[in-house]
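Letter by letter, the chains look like this.
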Amino acid sequence: MPTVTRMSNEHDPLRALFAEAHKTLPSAEFIQTFLTRMERARRIQSMRRIALGIGVGVLAAWIMPSVLASTAAVMHAVGEQSRPYGDLLTSPAGWAVSMLIGLLVLRRTGALRRR
Amino acid sequence: MTASLPAGAWAAANEISIVLLAMNGDDAAYGELVRRRQDAIRNLLRRLTREASLADDLAQQTFVHGWQSIRHLKSPGAFGAWLRKLAVNFWLQHARSAKPEVALDMDLRAEHPVSTVSRQLDLDAALAQLPRDVRLCIVLAYNEGMTHGEISQIASIPLGTVKSHITRGSARLRELLHAYGDTHVQ
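One line per chain: the protein sequences are A and B, in this order. Letter by letter, the first sequence follows residues 1 to 115 in the working numbering. Letter by letter, the second sequence follows residues 1001 to 1186 in the working numbering.
To be clear, the hints were calculated from the coordinates, so they are not data collected in a lab. Glycine residues also receive a C-beta, built at the ideal position from the N, C-alpha and C atoms. There could be a bad hint or two in this list.
What the hints assert, rightly or not - Here are the simulated distance ranges between beta carbons:
1) Q1093(B) - T24(A): 26 to 32 Å
2) S66(A) - L1054(B): 25 to 31 Å
3) K1074(B) - G55(A): 50 to 56 Å
4) G110(A) - H1065(B): 34 to 40 Å
5) G1008(B) - T24(A): 17 to 23 Å
6) S1069(B) - S27(A): 19 to 25 Å
7) W95(A) - M1023(B): 55 to 61 Å
8) V67(A) - D1057(B): 28 to 34 Å
9) N1014(B) - G110(A): 51 to 57 Å
10) P1006(B) - T24(A): 58 to 64 Å
Claimed, not checked - Residues from chain A that keep clear of chain B, each with C-beta distances beyond 10 Å, as calculated:
11) G55
12) A69
13) S70
Stated by the list, open to error - Once the Cα atoms are required to be at most 20 Å apart in a straight line, the calculated EDC-like pairs of lysine to aspartate or glutamate come out as:
14) K1085(B) - E1015(B)
15) K1085(B) - D1039(B)
16) K1163(B) - D1133(B)
17) K23(A) - D1057(B)
18) K1074(B) - E1051(B)
19) K23(A) - D1039(B)
20) K1074(B) - D1124(B)
21) K1163(B) - D87(A)
22) K1163(B) - E1175(B)
23) K1074(B) - D1133(B)
24) K23(A) - D1124(B)
25) K23(A) - E1051(B)
26) K1163(B) - E1150(B)
27) K1074(B) - D1027(B)
28) K1074(B) - D1039(B)
Model the full structure from these sequences, guided by the hints.
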């Protein structure tokens, strides 16, 4: 049996019975109820969003001091550790090496090629 | 609700444009879609549940869920099939959680002469006698005019099972309707 079999025989009594059972239903009350439900769903949705926003705000306020303190500590440690590298970068040798790396990158990307 | 079109213009607008508006968050457009589709969805659910109030409640859930998730619809042209699938899923969810249905008394016919109303009652009563999945396949095939392949997809039932459900289910339905006195259906 092909998968496109459709119960399209108009003379099929079962099909006629189903067609007969199809009623045009009064819609006004149904649509009014739907609009009320939609409004309620919308209210719940926005209340959820507000609650989520408040939750995120409270959480942020709660963890912010410790996040800031640990970030400052990490930055301080990184600064301490990288001071020798900073000095190296600003030395003439550092400049020369940076220029060399830049040149290699330009060659690699083909930016120096003549058109 | 946002009024994106004048009130009178909705009736003339084609459904795909309205679905597109609804997908962009236009609630008035979605309201129009509900207005257009409520009859078909409620009738489908009435055939499946045999209870008008339950069918309407499931239809309400279908439309509210549709409103919440219409942005995820892949193609505006698929709106009707998508909505039908939502309705079937809500019914299946309800049917799985509900206690087994009590079959309608076969003597009911004696109280109702064979008229359009009682034939409809007979049809719904006969449908209620069929197992859940068989009923679903029969309703989708005869009420919605869906192909076996479409039914297999929407109901998540293998194609072979859909075919056998429809063959056996329609034979059983004819028997039941004959037992109720609807001799046209043989």
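Original post:
Which numbered conditions among the earlier hints are violated in the structure presented, ordered from lowest to highest?
Top reply: 2, 3, 4, 8, 10, 18, 20, 21, 23 and 28
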